[in-house]
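*Asks:* Sequence order for the protein chains is X and S. Residues 1 to 600 in the numbering used here are what the first sequence spells out, letter by letter. Residues 1 to 491 in the numbering used here are what the second sequence spells out, letter by letter.
Please note that a few of the clues may not be correct.
Below, in silico cross-link-like pairs of lysine-lysine (DSSO-like), each with a Cα-Cα straight-line distance of 30 Å or less [what the hints assert, rightly or not]:
#  : chain 1 : residue 1 : chain 2 : residue 2
1  : X       : K421      : S       : K365
2  : S       : K441      : S       : K477
3  : X       : K405      : S       : K365
4  : S       : K443      : S       : K414
5  : X       : K429      : S       : K267
6  : X       : K454      : S       : K399
7  : S       : K203      : X       : K177
8  : X       : K468      : X       : K421
9  : X       : K423      : S       : K400
10 : X       : K267      : S       : K441
11 : X       : K388      : S       : K267
12 : X       : K429      : S       : K365
13 : X       : K210      : S       : K166
14 : X       : K362      : X       : K335
15 : X       : K429      : S       : K203
16 : S       : K267      : X       : K21
17 : S       : K441      : X       : K126
18 : X       : K449      : S       : K208
19 : S       : K267      : S       : K257
20 : X       : K429      : S       : K400
21 : X       : K468      : X       : K449
22 : X       : K29       : X       : K67
23 : X       : K329      : X       : K362
24 : X       : K429      : S       : K257
25 : X       : K454      : S       : K172
26 : X       : K388      : X       : K423
27 : S       : K361      : X       : K405
28 : S       : K361      : X       : K429
29 : S       : K399      : S       : K379
30 : S       : K399      : S       : K443
31 : S       : K166      : X       : K126
32 : S       : K166      : S       : K208
33 : X       : K362      : S       : K414
Since the hints were derived computationally from the structure, they do not count as laboratory data.
Okay, here's what each chain looks like letter by letter:
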Amino acid sequence: MAAHLSYGRVNLNILREAARKELREFLDKCAGSKAIVWDEYLTGPFGLIAQYSLLKEHEVEKMFTLKSGRLPSADVKNIIFFVRPRLELMDIIAENVFSEDKHHSSRDFHILFVPRRSMLCEQRLKEQGVLGSFINIDEYILDLIPYDGDLLSMEYESAFRECYLENDQTSLYHTAKGLMTLQALYGTIPQIYGKGDCARHVANMMLRMKREFAGTQNQILPVFDTLLLLDRNVDLLTPLATQLTYEGLIDEIYGINNGYVKLPPEKFAQKKQGEASKDLPTEPKKLQLNSAEELYAEIRDKNFNAVGAALSKKAKIISAAFEERHNAKTVGEIKQFVSQLPHMQAARSSLANHTSIAELIKDITTSEAFFDNLTVEQEFMTGVDTDKVNTYIEDCIAQKDPLIKILRLVCMQSVCNNGLKQKVLDYYKREILQTYGYEHILTLNNLEKGGLLKPQTSSRNNYPTIRKTLKLWMEDANEQNPNDISYVYSGYAPLSIRLTQVLARPGWRSIEEVLKMLPGPHFEERQQLPSGLHKKRQQGENRTTLVFFLGGVTYAEIAALRFLSQMEDSGMEYIIATTKLVNGTTWIKSLMDRPESQMT
Amino acid sequence: MTKSKADEEEYWNSSKFKAFTFDDEDDELIRLKESRQAVNSIRPLVDEDDDEDDVEKVSWSGEPVGSISWSVKETAASNQRTDREPAFPKIPTDTPSLSKSQSGYSLSSLFKGKTKGGNFQSFTDTFSESSVRLYAPELRKPKSEYKDYVSDWSPEETIQRLQQGKTAPLEKFRSLQDKLLLLDFAVSAHDGNVITAVLIYLKRTLSKEVLFRELESRQTALRHFIHYLTETKDQRLLLELLRALGRTEDVALLQYKEHLSIADENKRRDFLKSCLSLPFSAEDSAHVQDHYTLLERQIIIEATDRQAERGGKVEIFQKFPRRASILNMPLITTLYYCCFYHYTEAEGTYSSPLNIRQTFKISEKQYFVTALAARAKLKAWLDVDALFTSRNWLGFTRKKSPLSFHRVVDILQKNSAPTRVLQDYVGLVEDPDTRISLAQKHKCHDIVINTYRDMKDRQLLLGYRGKVGRGSAEERKIDELLNNQQIRWKN
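This is chain X alone, in the form it adopts within the complex:
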């Protein structure tokens, strides 16, 4: 089911198996038939760990969504609540339990908190007078969820806002815990590098936790050579830019959630032969996207302009394979052909799906609006006219384009200019408040707190220096046959990934000046390995680095790291971990106050 997790350099299936084992153990603690009541938010992340079949094997007979009122009737011995530790959920659970007692009396209640128990929640249950009704109160530690063969995510949406706006470091604590779990399974990571305040915090916590475990030596041969912790606020620019890889664009346009995307159904209607086209389905088509799908693994990280060619090549191969049937003469040949059929059918349907998606995206990327927006982004990133009011942004406001689009562009201009001139900033703010409503004062203040939007404090603009030193803009980005990571944004090389690349070779010492211009400290720590666990490296053997993005990572950045892993002479393979997969829109949205009130 999750074989794709074990294809990579590091077998992430081990992590998934460990998570499944814990789940089974918990289920077995509640002997007898059971029903699970789900905090709906958790079904997505849990889907990455287990299917219904696993639960069924452990006598889970019914599943419900957590809702206030009375629990649906079900003839089971145990009722288990799978919930996040949130107070409003406790109130609903209390309501459920209360109304239950009047009708049945023989059912046992349990709570499984994900990812951590919370004393405050238990206290709330106690206040409501239901704490005593629970036989088991446990926690299911799900910090890092294996998302793909080289990708781990905490699916912790509010991490950036909490860290940089509210200064709540809880997500960092979970990050450190998750990294400890990872080290318990994959060995101590000997080298830790980091850049940014949050990175420093996480590293400190890890080292402290390690001291607490002192005495129990980790005897596993280290799988990772290096851990790199990166604060999102070290590179605020990258998520603001429109991603131009296939997967990045799917996320920008339709949004990928827990590995699934919902698409407009029209393009996916299957017309059977000889059948009149029936009514088109109105429900969105939901597709799972991961490297288990051969074709998707091949094209996801390509620049979108190279996807058409890849699909047409694939189409020819598949057509040829189907044509083979005419050549199959002997019984043996026919048998052989038939045995390959299921695989070919799957390949065909995969090709059909991605052709449809590519057509949908093409409609958007060829539009004038998309082109104009991209042109302005690229002007900003190359430092053209970042110090004046931009006419395009002005026009977009006048046309009342979505506020998030405006905010993305204005923030980008601010970041590329190391802050906007007070006059320019005031002008934008005024136009935005007049057009979208004065209550957005709050959102604008949030963006300022997060450093995405700010007045220029010194006359010196660091960005051009950073851009030139790190080669953030490559003029001849090759979209078809890339030779540099800048292909993922058709010219712009993501700052975060450049830092990663330079760290591997020639090392951060070569860019001390630039590192000082970026916020937060940079550091290096070493963790002692027990003797005997030092790796004897074969000549030419690649090293493995785990890059952890604190506050979110985009699909385009992931694509760039995969590109580096595949480069023949890089000598480095990357595994990626993050608090949450983000794009400019979801990221800005997480920083808004009441984002739902502005969707016009």
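Use these hints to put chain S onto chain X, whose structure you have.
*Replies:* Frame of chain X; chain S shown alone:
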């Protein structure tokens, strides 16, 4: 990036980018088409239903059959089917739906509930051990856990126990010094849940003055405390704290934010009025003043117009009934509304567009775009025309606009202006290439023909002849031009 200096200069000064190439888009489209054709031409050899035999089965909604979220729906549905009694009580729509926007567990997510009665007053009561069984997998079990039977824990041990989700009475820490030690250990553990737990104990057992003073030198704990107060909606104490810290702008914004939860417009207006004296930054202060003034006006306009609409005597409200109330709409939307319903009003009234423009210092461009769109929507072409000529104070008859005529044409076209109106403005686009492409797009034949004539381009004119209707006036005009001996064609 190894360009010569001169090259680079030139490069930065130009703003043309070829990145994300659109040049070979035809080529790309053809390739996609190839792929589409291939997909369609491979006839399914077996029935479509067996299509995905070897891959995961996916229901139409896309969840793999057997995935958890799919199964939740399935079993819930089957439950409803088989049981006669209404298994899922109908939930009134105003029940707070579970927000899906946040995952994980964090300070912000801990307190989102309805606070009922006392704020965790009895928090430090110990839970009975029996109801609380720790479930920690082997690999994460630190050895300190085996000391469970000890009951006299130091501040450090207490924090560790809390971190592991176990009981540890806080009451025994009575001296200020012990309490602060507890807090400092909690902070250095970085566990937000534990920090908050200690803070709640401190809040209950220390005077505000002492607590505020001690928090001031402990920034992390302070931030957690602020967050805790925000989430439990203890607005009063929070404002007190922020004032004590001298964080006046935060106080102002926090108070201002409350207006969002006031539904009644009059109460909201009064509340905003009370915000005016808050210590905002200079620029925010001006915005909040505008916000108040706007709502005040909207309330007056809404009352008047609703009456006018009901009275049935004002033609414009009969012809174009109002779709929604103007209350709480943004300023520009309000301006649009007033340009639509109150365009000709004298400058003295609240609903006069000119008055609004002045009061809120709306930029010329914004005003122009908004008025143009509103009048075009009403097909008041004379008003549209006047917008351009009215600023013709030098006595010229030429039309002027703070907006490029290209954009003007866009706006008019979006409001389905007829060709005869459009062509007036297409003709004013200065750049001949843009003008021609706009004219062709909107079928303003005269402009195309005249432009080609002015360019003395016989070939293009000849080519365009094929695009106009046979025997049409345009065709005759082209023929006349082509036969005109006095024009010196360049080709």
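*Asks:* Sort out which numbered hints this structure fails and list those numbers smallest first.
*Replies:* 6, 11, 14, 15, 16, 17, 23, 25
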